[in-house]
Amino acid sequence: MSTRKMMKGNIAVAEAAVRAGLDFYGGYPITPQTEVLEHFSYRMAQEGRSFVQAENEIAAINMVIGASVCGRRAMTSSSGPGMALKQEGISYAARYSLPYVMLNVQRWGTGLGSLDTSQCDYWRETRGGGNGDYNTIVLAPSTVQELVDLMYESFDIAEKYRNAVLILSEAALGQMMEPCIMPDYKKAPKLPEWRFDGTGKRDHGFGSQTDMTDTVRKKREIMQKNEQRWESYMTDDAEYIFVAFGLPSRVCRDAVGKLRADGEKAGLIRPVTLWPFPVNAFKEPGSSIKGFISVESNDLGQMVEDVALTSKLIFRDRAMPVYSYASGRALPSVRKVVEHYYAAKNGKIKEVF
Amino acid sequence: MSTRKMMKGNIAVAEAAVRAGLDFYGGYPITPQTEVLEHFSYRMAQEGRSFVQAENEIAAINMVIGASVCGRRAMTSSSGPGMALKQEGISYAARYSLPYVMLNVQRWGTGLGSLDTSQCDYWRETRGGGNGDYNTIVLAPSTVQELVDLMYESFDIAEKYRNAVLILSEAALGQMMEPCIMPDYKKAPKLPEWRFDGTGKRDHGFGSQTDMTDTVRKKREIMQKNEQRWESYMTDDAEYIFVAFGLPSRVCRDAVGKLRADGEKAGLIRPVTLWPFPVNAFKEPGSSIKGFISVESNDLGQMVEDVALTSKLIFRDRAMPVYSYASGRALPSVRKVVEHYYAAKNGKIKEVF
Amino acid sequence: MYKKMLTDKIVHVYNLIVACILKIIRVLIQIRLVFVQEVLKGMGNLIIDRERCKGCRFCIAACPKETISMTDEFNKSGYNFIQVNRDSCILCGICYTVCPDGVFSIEE
Amino acid sequence: MYKKMLTDKIVHVYNLIVACILKIIRVLIQIRLVFVQEVLKGMGNLIIDRERCKGCRFCIAACPKETISMTDEFNKSGYNFIQVNRDSCILCGICYTVCPDGVFSIEE
Amino acid sequence: MAKLKKAPAVWGDTHHPFCAGCGHGIVTRLIAEVLEELGQLDNFMFSLGVGCSCNLHHFFRGDKMQCAHGRPAAMATGMKRVSPESVVMTYQGDGDAAVIGIAETLNAAYRNEKITAFVINNALFGMTGGQMSWTTLPGMKTKTSVKGRDCSLTGDPIKLVEMISSQFNVAYAARGAVHTAKDINRTRSYVKNALESQIKGEGYSIVEFLAPCPTNWGISPIDSLKWVDEKMLPFYPTGEFKTRKGD
Amino acid sequence: MAKLKKAPAVWGDTHHPFCAGCGHGIVTRLIAEVLEELGQLDNFMFSLGVGCSCNLHHFFRGDKMQCAHGRPAAMATGMKRVSPESVVMTYQGDGDAAVIGIAETLNAAYRNEKITAFVINNALFGMTGGQMSWTTLPGMKTKTSVKGRDCSLTGDPIKLVEMISSQFNVAYAARGAVHTAKDINRTRSYVKNALESQIKGEGYSIVEFLAPCPTNWGISPIDSLKWVDEKMLPFYPTGEFKTRKGD
Amino acid sequence: MKELVFSGFGGQGVLTAGLVVSQMAIDSDKEVTWMPAYGPTMRGGTAHSVVKFSDSIIGSPNMEEIDILVAMNGPSVDAYSSLVKEGGYIIVNSDIVPENQVYPENVNILKVPCITLASRVSNPKGGNLVAIGAMIKKCGLFEKDEALCSMNRFFMDKGKDKFRELNTAAFESGYSI
Amino acid sequence: MKELVFSGFGGQGVLTAGLVVSQMAIDSDKEVTWMPAYGPTMRGGTAHSVVKFSDSIIGSPNMEEIDILVAMNGPSVDAYSSLVKEGGYIIVNSDIVPENQVYPENVNILKVPCITLASRVSNPKGGNLVAIGAMIKKCGLFEKDEALCSMNRFFMDKGKDKFRELNTAAFESGYSI
Ligand SMILES: Cc1ncc(C[n+]2csc(CCOP(=O)(O)OP(=O)(O)O)c2C)c(N)n1
Ligand SMILES: Cc1ncc(C[n+]2csc(CCOP(=O)(O)OP(=O)(O)O)c2C)c(N)n1
Ligand code: SF4
Ligand code: SF4
Ligand code: SF4
Ligand code: SF4
Ligand code: SF4
Ligand code: SF4
Ligand SMILES: [Mg+2]
Ligand SMILES: [Mg+2]
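Chains as they are written, first to last, in my numbering: chain A, 6 to 358; chain B, 6 to 358; chain C, 4 to 111; chain D, 4 to 111; chain E, -1 to 245; chain F, -1 to 245; chain G, 6 to 182; chain H, 6 to 182.
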């Protein structure tokens, strides 16, 4: 336990990227992500790696693409509006099947928004805000340690599929501190065969445009098959199961504890991958299951659609009601989550799907 | 019939905007949308209105916001990557409930993509590629005349809800010509009360950030209630119903004709609003209905998720299989659509939801 | 948009109420202003609004007559604020010019 | 990524086949080149590849000896191409310099 | 007794939330005074950058629209094109106008758009906590140049007003400081010239302000004045760079 | 018999798809020749703009990455930072580099990034069918300036190389033409100086090329040469604007 | 419903040909759809347009099953002849399409020396109109007079009425084959 | 699980106080979560931090039901005292919080003149540590020696070991209230 140290989420995740062998970082400041960039601004230099404070978010993602096509580990990070500006670049990177990592420390709101913690970018990150058909692997940590662990692994995942990986953090997760154990420096991986090295002689594996339809379909299939991750909590005999990721999932965990103490059969599915959505998690609960409650800290309820699609897919013989509790511009509280449980159970709120 | 004139989709839609009273256009060239901008470049001057060929798509959307907040009818247009760049601006406009119109003449592909016709931006336009929670009304015309009619009406809709309206065109629809009747010039509407006029004395109705959660929820509810539009074709007794919009819907219409001629009970729902998705359309078919087939010209199948969500919502007593036929980098052909009908019917393809 | 959805009637009443509330607020603020303003007596009509002062000392540095100094009191926003020795003030207005917070006014 | 998914064995065989095909294509292209190239006899070794010519006439305008002219034939890409009067050519290379399409080569 | 000098009325009843000694305080007062002097208090619109500029929402009366970071010049263009009779201004930080917004800023100048850009240069990104800006001085320490800005890696700071006045056919360009009474008065005349130039329809005008940010510079307000004088002024000369006088 | 002059080998076997008389043909040949001359044929990367530049994919051998419209300088930055030993170049149109990409272009110059920017200026947006560019000459007719460019509405054309060489501390900046043998030869030396400057690690280099686009100018290739000479050259002077010789 | 495809090199007027026939259809109060192949500016390459017309609403605007293919060059025959319906027509520009070109069975082939005929009436660029003339003669579709009238109206609307006689001559020379 | 909230004006050290207590928890091998209020740079305003620690995994990092509220100013009491559990504690900085401040019932109130005590030991900025000392005395949570040791380790890790004696004195003066 001696290496447990209190670390701020934003610092921890940046340091984990350094340890994972990040070669290039390009980014632009934005609260509540700024500490990430600040950490890289001196740490990358210390390690002899490249850091560029870009002129804007568009330049940042394109720099990352340039570094990635040379086979190097590259990443960018931002929040709300800054991520919006990267969408075109994300689509270009998808066209060339480039592996790289993004970190979105979500803040609440449309437009300038606010610094409040949120999960309001779920749709964009899982459905793609760039042009065309592509999928981004989206990882959703819920603790500082998990931020570190997922970031540390993210480059390996990205390289395995030659695909973008996005770590979907939240303002509060980036700002809070928890004890965490920082992993050792990763051995530098072999540079990939397909990289640019100036010779023009390598096969970059970009494929022709004509191949792309097939390529994205195959990639979707294989990533959906391999990469679903989640954590289930007391789902075996549950009647109503919360589905929540990130910080709200921790609130729901407490709520499950409270409800179980009251004799209620509550459970929790915590998706760790938001894309691919952990469809398999929904096969686990027993036949006692009566409904799902998606708990999200955003305004409209976004993940609830994936919960509904998954329920439709898994439960063929009966209508499985899916409820939504979107807590708006704040984390949900345990009390409110418990209330929504009873409201769903007692028919006080209507299912949305 | 004397006023029927062959017009190219892109020209027709631009002229319709002029007739609808467009005050300001800001845009940047991109194929297959360029004729729209070119048309405005001289027509707006002729009418004494404002046209700016912007330095980029980001500037264009922000110019439109500036004109819109002054209560003027303003629009921008683009395609694939250009639309990606506008996402941040779209989110800002949503924050201030500004009414304005966008036109996306979709082209196929991620990254640079191609000039091929496509419907690959469905997810982005219906789910929002900007930060935060908001909804854009998305209209999907399928003929040149409908392009004209929807554009002509779009500003009224935008102003009614103080919301963005996006017309989702397709490369081929923009390039093709059909006879169409151009409406008269609209009487200039009264400038809205909430506009900027330099006095600082008007209530702009922006609301505080704290109101936003409620505002977007209420707007969603009311727009979903009022604005669902669709066209049903032979759905009454149908067993399998195609769901398709834009040009593929016309292919499906032919397919329905062919299938009916063969004694098959095929039907078609053509969503005209993609957001709000025409949920009510799915209440119409009789009890004969056995499944839905979403037909889209993109790679992964995007609208199929809305078809599935809607099916889950409407058909509570039984699993309603939803099939997907995504035709990739081209329009589907009648032959292929018919094949997919039989494949679904005969269990040769599996439902995706 | 929402207003449009209300009938004109409701809008009208609503506007009236809002106007009233705004007026009341303004009066209240006016009262507060008078309360906090130290009208300097004597030859000089230099007025300071201590509630605006953030204690940056720009005025102290700029006053040609070294007339301004810091108090050790705190205002409602928690800032140390300044005071003026009216005897030596020549009403030159430099303090007004350099103050970022609009603390000073000069009356004739 | 896809290659990694195949076994090394398959990759190897695949590479071999690709290499073979590429070689064959190169040879074929070589043959075509020789076929279309008019090696100008006599003192000058100015070679033109009429298949590349797009008929822009830049060379005609630039040739100091007025040695180049248009044929009325079309090449496979549908362009009118040029011809050179080898007698008056001084091998100055200006045509090479101005041609946007790499039609000319000069041999020693 | 009429007040001769007083906090401007458009500042509104709520006191502005800028830090103690912040240059934004002076700048917003100057703009307010000049608007009043020119009789435009009922006829102006702001397109606001993201940064400490956002604070104008809290105290500066009038039509103000929050623009996306860096794009105020574009939004102002839209406003001005449909409201040619109104005074349209941007109010932005150096990061907003010269870093993320460099394209939109230069392009408004390029079009000679009839707007006025006010750029508050505090040599760093203030609102986000003090990161390096393109205006950060050589050797200056910020949150992303912790050892002092190394221009061999980051390039040399840019000079926005010089660039605009020399490269584009604009109506007016000036840079002023707000750290002494004399500079404040001179800068006030720049603000006036810029707005008059817009009102006359001459074209694009810009005023850059050298403004102290004691909070992020990590020094006292008084020291920040010295810093402006000793560090910023030698690097960023003040004065009028472009006028249409005699044009 | 050794070929002294011949279509460059990196041009590959497929002939380039540029239109008859297009300036891109000469420019790509010059770059290819210089790369060969400098022994860099196995050591270069292109970051390609969107526009007729995209055609390099079809015939120019070597590592080439298609960048988003306007952002090649940023992508090249990423490439160069992790591949400092390779020659990294952008290849972009005037629209790409100076309109939508003005921010990224200027910022690479600002950072004095060790890359070379090749900008092909045909005074309009070629690939999309001939719309006005920021380099379109006053009075010139394009698809979005059908009555001829009215600079009182659009602003005056910008001069990219002048702006970069005067405002930023870059290593090399030049503008060349490719419409006569003499110009082509001189421009070739600019290409060489630019790439040598990168190889020596001096910093950012840029070469702008005045290139005919007969297709969108709507005139014959031969007339397009005259047009370059009579219209473009007086407005866009050629020559070296910045070198590190003697630095 | 009729589905016509006009195909050839860029510059052979295949887009215009489609529009001319569209005008004939619209003048007969029909529903019409004209769909071009489109792309970036650069010269060269092939082009085509698809015209569909019908008395009722037109579904797919795509090439589906061709009634008449007007092929102005060989590659067009290669590309689209397999889509021609049994009993449909292929009008071939025999000046360019080689003699040994292969055609599908059960399809009517009409070889027209379009360029030769056009040149003969001093309208060397009018090969597309020659083909249209031949098509109207062979396939019906529209009355000759109406067709001619629509064609001329089309060019008039484009401000090109001065070519009326040349165009009419080209049409006629195709019609009289 | 324990939930502690430290709240006051910016500059009163409420974020640091939370971190000091987090260190105590981590040194006792507990799970800990520290959540600050955060925002843009500008000075002034209020701040708070929430500390939760437990022997097992910590769910919600949010303020939910407070065991101990350390309120360094009046607004903090107004804002958060209603969230304090029955039987919980409010440690109040009585130098600033007015005498007539209203508190909820069924909650233990401990008034500590933090600034006065801190000034007395020549550590005027150490009011937050005084409050911590008082809290440890009153509420237990950690052994005094361990707590002190963790506090000093915390500042040592921050490179501020030179203030060890001043800090210890502040803590002690709170502890001995
Ligand atoms: C697209 C986007 N990127 C980044 C940010 C974060 N951000 C807000 S203000 C700011 C910098 C402000 O600096 P400056 O313009 O100099 O203003 P100052 O605060 O210094 O007055 C940044 C990077 C944002 N809001 N939006
Ligand atoms: C984001 C985006 N906007 C617009 C376009 C469309 N587009 C492609 S090339 C081009 C202009 C090219 O002009 P230029 O850079 O001058 O190159 P040229 O074709 O003239 O050589 C445009 C606007 C695009 N591909 N992406
Ligand atoms: S008016 Fe002049 S003399 Fe009086 S306090 Fe102000 S600066 Fe000093
Ligand atoms: S300048 Fe203004 S804010 Fe600063 S100390 Fe003086 S009165 Fe107070
Ligand atoms: S080498 Fe010189 S003389 Fe010979 S054809 Fe070429 S330009 Fe003319
Ligand atoms: S310059 Fe080249 S392409 Fe042009 S006509 Fe001469 S040989 Fe042909
Ligand atoms: S952070 Fe700096 S610029 Fe922002 S308000 Fe404070 S002093 Fe002013
Ligand atoms: S359009 Fe112009 S720039 Fe593009 S290839 Fe043709 S001539 Fe060259
Ligand atoms: Mg700043
Ligand atoms: Mg160009």
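Careful, some of the hints might be misleading.
As the list claims (entries may be wrong) - Straight-line alpha carbon distances no greater than 20 angstroms define the calculated PhoX-like cross-link-like pairs of lysine-lysine that follow:
id, chain 1, residue 1, chain 2, residue 2
1, A, K263, H, K165
2, G, K165, B, K10
3, E, K141, H, K90
4, A, K288, B, K341
5, A, K10, H, K35
6, F, K3, D, K68
7, H, K165, A, K10
8, A, K206, D, K26
9, A, K223, B, K355
10, B, K341, G, K35
11, A, K224, A, K165
12, D, K68, F, K180
13, B, K10, G, K35
What the hints assert, rightly or not - Just so you have them, the derived chain E footprint on chain A, three or more residues with Cβ under 8 angstroms:
id, stretch
14, 191 to 199
15, 337 to 346
As the list claims (entries may be wrong) - A short, non-exhaustive set of chain E residues, derived as facing chain B with CB atoms under 10 angstroms:
id, residue
16, K3
17, F57
18, G60
19, I197
20, K198
21, G199
Hints listed in this document are in silico derivations from the structure and should not be mistaken for laboratory results. Small disclaimer: the values here were computed from a predicted structure and weren't measured. The beta-carbon is built from N, C-alpha and C at its ideal position, and this holds for glycine as well.
Hints, one by one, checked against the model:
For the suggested pair K263/A and K165/H, the alpha carbons sit about 42 angstroms apart, so the restraint of at most 20 angstroms is broken. Simply put, K165/G and K10/B have alpha-carbon atoms about 17 angstroms apart, close enough for the 20 angstroms limit, and the pair holds. Between K141/E and K90/H the alpha-carbon distance is near 41 angstroms, which puts this suggested pair outside the 20 angstroms criterion. At most 20 angstroms may separate the alpha-carbon atoms for a hinted pair to count; K288/A and K341/B exceed this at roughly 34 angstroms.
In summary, the hint linking K10/A to K35/H is supported, as the alpha carbons are separated by about 12 angstroms, within the 20 angstroms threshold. A threshold of 20 angstroms between alpha carbons decides the hint, and for K3/F with K68/D the separation of about 19 angstroms falls inside it, so the pair holds. Pair hint K165/H plus K10/A holds up; C-alpha atoms about 17 angstroms apart against a cutoff of 20 angstroms. Of the supplied pair hints, the one linking K206/A and K26/D holds, its CA atoms being roughly 15 angstroms apart against a limit of 20 angstroms.
Distance restraint check for K223/A and K355/B: the Cα-Cα separation of roughly 17 angstroms lies within the 20 angstroms cut-off, and the hinted pair is therefore satisfied. Distance restraint check for K341/B and K35/G: the Cα-Cα separation of roughly 27 angstroms exceeds the 20 angstroms cut-off, and the hinted pair is therefore not satisfied. Proximity of K224/A to K165/A is assessed by CA-CA distance (about 11 angstroms); at most 20 angstroms being required, the pair is judged to hold. For the proposed pair K68/D and K180/F, the alpha carbon gap of about 17 angstroms is at most 20 angstroms, so the pair holds.
Note on K10/B and K35/G: the hinted pairing holds, with a Cα-Cα distance of about 12 angstroms set against a maximum of 20 angstroms. With 0 residues carrying a beta carbon less than 8 angstroms from a beta carbon of chain E, the stretch 191 to 199 of chain A misses the three-residue requirement, and the given coverage is violated. Restraint check on the stretch 337 to 346 of chain A versus chain E: 0 residues with Cβ-Cβ distances below 8 angstroms, three needed, restraint violated. A cut of 10 angstroms between beta carbons decides the hint on K3/E: the least distance to chain B is about 23 angstroms, and the hint is violated.
Using the Cβ-Cβ criterion of 10 angstroms, the hint placing F57/E at the interface with chain B is not satisfied: the shortest such distance is roughly 13 angstroms. The interface hint given for G60/E is met, as the beta carbon of that residue sits about 3 angstroms from the closest beta carbon of chain B, less than 10 angstroms. With its C-beta approaching chain B no nearer than about 12 angstroms, I197/E sits outside the 10 angstroms limit, and its interface hint is violated. Among the interface hints, the one on K198/E is violated; its C-beta lies about 17 angstroms from the nearest C-beta in chain B, farther than the 10 angstroms criterion.
Given hint, G199/E at the interface with chain B, is violated; its Cβ is 16 angstroms from that chain's nearest Cβ, farther than 10 angstroms.
Violated hints, in rising order: 1, 3, 4, 10, 14, 15, 16, 17, 19, 20, 21; the structure is consistent with all others.
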